[in-house]
Amino acid sequence: MMILQPIIVLLGSAAIIPLIDLLGKKIGFEKIRDIVAIAAFLIAFIILYSFSGNLPQSFSIDPYGPPLGVELRVDNLSLYMAIIFCGLGLLVSIYSIKYMEVDSGLDKYYSLLLILVAGMIGVAFSNDFFNLYVFWEMMCIASYTLVSFRKYKWEPVEAGFKYLVMSTIGSLISLYGISLLYGLVGSLNFTKLHSAIETIYRNGSAPLSLLYLIICMIIVGFGVTAAMVPLHTWLPDAHPAAPSSISAMLSGVVIKTGVYAMFRSLFTIFQPKIFDFGTILMIFGVLTITIANFMALMQNDIKRLLAYSSIVNIGYILVGGGIGAYVLTHYGLKEASIAGIAIIGALLHILNHAISKGLLFLCSGCFTHEAKTRAISKLEGIGKKMPLSGLSLSIGLFNLAGVPPLSGFWSKLFIILAGLSIPENNFMISISIIVILNSIFAASYYLWLTQRIMLKKPTEIAEKVHEAPLSMVFPIIVLAILCILITIKLDLFIKIIELASNNLLGGV
Amino acid sequence: MNDILSIYLTTSILLIILGFYCISSKRNMIKTIIGIEIITSAINLNFITLGFSAYGVDYFAQSIAIISISIAACIAAVALSLILNVYKHYGSIDLRKLRRLRW
Numbered sequence: 001m002m003i004l005q006p007i008i009v010l011l012g013s014a015a016i017i018p019l020i021d022l023l024g025k026k027i028g029f030e031k032i033r034d035i036v037a038i039a040a041f042l043i044a045f046i047i048l049y050s051f052s053g054n055l056p057q058s059f060s061i062d063p064y065g066p067p068l069g070v071e072l073r074v075d076n077l078s079l080y081m082a083i084i085f086c087g088l089g090l091l092v093s094i095y096s097i098k099y100m101e102v103d104s105g106l107d108k109y110y111s112l113l114l115i116l117v118a119g120m121i122g123v124a125f126s127n128d129f130f131n132l133y134v135f136w137e138m139m140c141i142a143s144y145t146l147v148s149f150r151k152y153k154w155e156p157v158e159a160g161f162k163y164l165v166m167s168t169i170g171s172l173i174s175l176y177g178i179s180l181l182y183g184l185v186g187s188l189n190f191t192k193l194h195s196a197i198e199t200i201y202r203n204g205s206a207p208l209s210l211l212y213l214i215i216c217m218i219i220v221g222f223g224v225t226a227a228m229v230p231l232h233t234w235l236p237d238a239h240p241a242a243p244s245s246i247s248a249m250l251s252g253v254v255i256k257t258g259v260y261a262m263f264r265s266l267f268t269i270f271q272p273k274i275f276d277f278g279t280i281l282m283i284f285g286v287l288t289i290t291i292a293n294f295m296a297l298m299q300n301d302i303k304r305l306l307a308y309s310s311i312v313n314i315g316y317i318l319v320g321g322g323i324g325a326y327v328l329t330h331y332g333l334k335e336a337s338i339a340g341i342a343i344i345g346a347l348l349h350i351l352n353h354a355i356s357k358g359l360l361f362l363c364s365g366c367f368t369h370e371a372k373t374r375a376i377s378k379l380e381g382i383g384k385k386m387p388l389s390g391l392s393l394s395i396g397l398f399n400l401a402g403v404p405p406l407s408g409f410w411s412k413l414f415i416i417l418a419g420l421s422i423p424e425n426n427f428m429i430s431i432s433i434i435v436i437l438n439s440i441f442a443a444s445y446y447l448w449l450t451q452r453i454m455l456k457k458p459t460e461i462a463e464k465v466h467e468a469p470l471s472m473v474f475p476i477i478v479l480a481i482l483c484i485l486i487t488i489k490l491d492l493f494i495k496i497i498e499l500a501s502n503n504l505l506g507g508v
Numbered sequence: 001m002n003d004i005l006s007i008y009l010t011t012s013i014l015l016i017i018l019g020f021y022c023i024s025s026k027r028n029m030i031k032t033i034i035g036i037e038i039i040t041s042a043i044n045l046n047f048i049t050l051g052f053s054a055y056g057v058d059y060f061a062q063s064i065a066i067i068s069i070s071i072a073a074c075i076a077a078v079a080l081s082l083i084l085n086v087y088k089h090y091g092s093i094d095l096r097k098l099r100r101l102r103w
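Order-wise, the sequence lines are chains A and B.
Sequential numbering from 1 applies to the first sequence in the working numbering.
Sequential numbering from 1 applies to the second sequence in the working numbering.
Hints in this document: simulated from the structure, not taken from any laboratory.
In this text, all values refer to a predicted model and were calculated from it rather than measured experimentally.
Hints are supplied without guarantee of correctness; some may be wrong.
Claimed, not checked - Label pairs and their in silico Cβ distance ranges:
no., chain 1, residue 1, chain 2, residue 2, range
1, B, L5, A, E424, 43 to 53 Å
2, A, C216, B, Y8, 19 to 29 Å
3, B, Y55, A, I46, 38 to 48 Å
4, A, A206, B, D3, 18 to 28 Å
5, A, P387, B, L18, 55 to 65 Å
6, B, N28, A, F29, 38 to 48 Å
7, B, Y21, A, M2, 39 to 49 Å
8, B, N28, A, P387, 11 to 21 Å
9, A, P423, B, I4, 54 to 64 Å
10, B, L18, A, L213, 12 to 22 Å
11, B, Y8, A, L22, 41 to 51 Å
12, A, H466, B, L18, 51 to 61 Å
13, B, D3, A, N425, 47 to 57 Å
To be verified - Each computed DSS-like pair below joins lysine-lysine, with the alpha-carbon atoms no more than 30 Å apart:
no., chain 1, residue 1, chain 2, residue 2
14, A, K98, A, K372
15, A, K108, A, K98
16, B, K88, A, K372
17, A, K153, B, K88
18, A, K108, A, K26
19, A, K153, B, K26
What the hints assert, rightly or not - A short, non-exhaustive set of chain B residues, derived as facing chain A with CB atoms under 10 Å:
no., residue
20, L9
21, T10
22, L18
23, I23
24, T49
25, I67
26, I71
27, I75
28, S81
29, N85
Where a beta carbon is used, it is the ideal one built from N, C-alpha and C, also for glycine.
Modelling step: build the complete structure from the supplied sequences, incorporating the hints.
Structure below.
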């Protein structure tokens, strides 16, 4: 029951916010709904933090107890993801107080934001596909609605519809794969599937092609939300169209939920030492990095550029997970430490990218809030007029570019080192070299963007702006400090992530 | 017994293909949503078929089908509200009109 508490807090406050808003309008203090939302995020965050001592915990829902099915389970990995989700949600809700002030219907905005985070925490906690699917759709429906929140403009409506159609088809494809798994095993619980699939493989009671078909369906289905390259086309439209606070949520955590669900289901159910899904992940990952890098270079819209750079970073995470699985398939337990390094790199990159991309989208929100434009050519030199957001923007960009002392460098280094560590394997070496070339290429446009925003002479539009209000700058500064803090306390974070990665590689 | 089950499984695959055809070829936005609903029904049919045994259909499969029907209804509601907004902006629900963003 304890496990359900953060989800109940978030969903409960999502339900009461419209009522509180009515009350607030009566007494003339409308900000009360913002305060309730922030308080809900804070309480959920504290509850999540209090889990950290006694793990793993599980909670199963009668009448389908643990042998059959529905179970929520918290281990280090899901807690790690849930804390990222909830923390970014907290900062975004603080940011929204001022940023969303001009919009109407804010009670619905906060309700949907809370439902979004509750859905993501549910995805992280669920230990069976039934729960996962329900929480998944809860998250997806909330994010469709939030993307098209400013429905009086044409862009959010179009982008929202496109996102809805693509993402729904993706989750239906994965649901079809899940139904085939149910037909094979008769249960959807991850722990049960883990042993049952191994037995099926040993007995040969189902054709191997069917099992690989299910793997592909899961990768494609969750890959739509994770924005893998052939399936990424919704993302560069949806992120710029959404309000900046929501772009930060989408790019920072929603697409990570796709990666998490993919990794968790693949690594737990289809043991990497039997099934070679690592190759598929690596190829998709490299394709994602390369294509998205070239697309990012051509953008003039700052949010569109950041959206493509999110796709690039998803590519790094996929490559990291792919290398981990590939090493386990082809070299088995004797190289398990290399797989561990790759997975640690991928998980550290999830954290780094969540923080720095959240920071960058919130900064771009500050710029668009003050300058009313998203074109980089018109925003040149704006960093001189808005020093706090400009400085934070450069810290975030440096972190993503992988400038050595910052933690973004270390996560990429882990992934690349793991790829290079088996010298006789040409496939992994070539993948790593493509990744290295791409990260140099990506660093160039990050630094170019920094130079244009920070160092150029301010344009006419940039001359007139002032620093954004304090409640908008505060979450940005917190995120910028976190970027640096992770770098300083890297050994501590790596210890936490190592525990989490053991959960992912648990069966090995 | 097995014959009947395989007929249902084939039907569900055919329905999925039909749904994809509907989504990819039809230009009317409402027909796109109908395509999504067809795929959802096909998957529900698949679940119920695979949960079938001599004692009847597994409760677990039934629960999933019911939940999935309600989720599909939510998605349809959101999608139709978006279509309503598209109609307000463009005066039409033709997908070809939505080309300002690259599809």
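Against the structure, the hints come out as follows:
1. For L5 (chain B) and E424 (chain A), the Cβ-Cβ distance of about 49 Å falls inside the hinted range of 43 to 53 Å, so the restraint holds.
2. Our hint of 19 to 29 Å for C216 (chain A) and Y8 (chain B) holds, since their Cβ atoms are close to 23 Å apart.
3. Restraint check, Y55 (chain B) to I46 (chain A): a C-beta distance of roughly 47 Å satisfies the suggested window 38 to 48 Å.
4. Checked against the given bound of 18 to 28 Å, the beta carbons of A206 (chain A) and D3 (chain B), roughly 20 Å apart, stay inside it.
5. A beta carbon spacing of about 59 Å between P387 (chain A) and L18 (chain B) agrees with the range 55 to 65 Å that was offered as a hint.
6. Take N28 (chain B) and F29 (chain A): their Cβ atoms lie about 46 Å apart, and the range 38 to 48 Å holds.
7. Distance hint for Y21 (chain B) and M2 (chain A): a CB-CB separation of about 48 Å, consistent with the stated range 39 to 49 Å.
8. Against the hinted window of 11 to 21 Å, the Cβ-Cβ separation of N28 (chain B) and P387 (chain A) comes to about 52 Å, which falls outside the hint.
9. At roughly 57 Å, the beta carbons of P423 (chain A) and I4 (chain B) sit within the given window of 54 to 64 Å.
10. Taking the beta carbon of each, L18 (chain B) and L213 (chain A) are about 20 Å apart, inside 12 to 22 Å as hinted.
11. A beta carbon spacing of about 49 Å between Y8 (chain B) and L22 (chain A) agrees with the range 41 to 51 Å that was offered as a hint.
12. Take H466 (chain A) and L18 (chain B): their Cβ atoms lie about 57 Å apart, and the range 51 to 61 Å holds.
13. Look at D3 (chain B) against N425 (chain A): about 49 Å separates their beta carbons, and that is inside 47 to 57 Å.
14. With a CA separation close to 15 Å, the supplied pair K98 (chain A) and K372 (chain A) stays within the 30 Å bound.
15. Among the hinted pairs, K108 (chain A) with K98 (chain A) is consistent with the structure: their alpha-carbon atoms are about 16 Å apart, no more than 30 Å.
16. Note on K88 (chain B) and K372 (chain A): the hinted pairing holds, with a Cα-Cα distance of about 25 Å set against a maximum of 30 Å.
17. With a C-alpha separation of about 10 Å, the suggested pair K153 (chain A) and K88 (chain B) falls inside the 30 Å cut-off, and the hint holds.
18. Simply put, K108 (chain A) and K26 (chain A) have alpha-carbon atoms about 18 Å apart, close enough for the 30 Å limit, and the pair holds.
19. About 25 Å separates the Cα atoms of K153 (chain A) and K26 (chain B), which keeps this hinted pair within 30 Å; it holds.
20. At a threshold of 10 Å, the smallest CB-CB gap from L9 (chain B) to chain A is about 9 Å, leaving the interface hint in force.
21. Because the smallest distance between the Cβ of T10 (chain B) and any Cβ of chain A comes to about 14 Å, over 10 Å, the interface hint for this residue is violated.
22. Nearest Cβ of chain A to the Cβ of L18 (chain B): about 13 Å, over the 10 Å cut. The hint is violated.
23. The closest approach between the C-beta of I23 (chain B) and any C-beta of chain A is roughly 7 Å, which is under the 10 Å cut-off, so the hint is satisfied.
24. With 10 Å as the threshold, the beta carbon of T49 (chain B) comes within range of chain A, its nearest partner Cβ sitting at about 8 Å, so the hint holds.
25. With its C-beta approaching chain A no nearer than about 6 Å, I67 (chain B) sits inside the 10 Å limit, and its interface hint holds.
26. Hint status for I71 (chain B) relative to chain A: holds, with the closest Cβ pair at about 5 Å, below 10 Å.
27. Contact between I75 (chain B) and chain A, as hinted, is supported at the beta carbon level, the nearest pair being about 6 Å apart and thus within 10 Å.
28. Proximity of S81 (chain B) to chain A holds as hinted, the smallest CB-CB distance being about 9 Å (cut-off 10 Å).
29. The beta carbon of N85 (chain B) comes within 5 Å of a beta carbon in chain A, closer than 10 Å, and the hint placing it at the interface holds.
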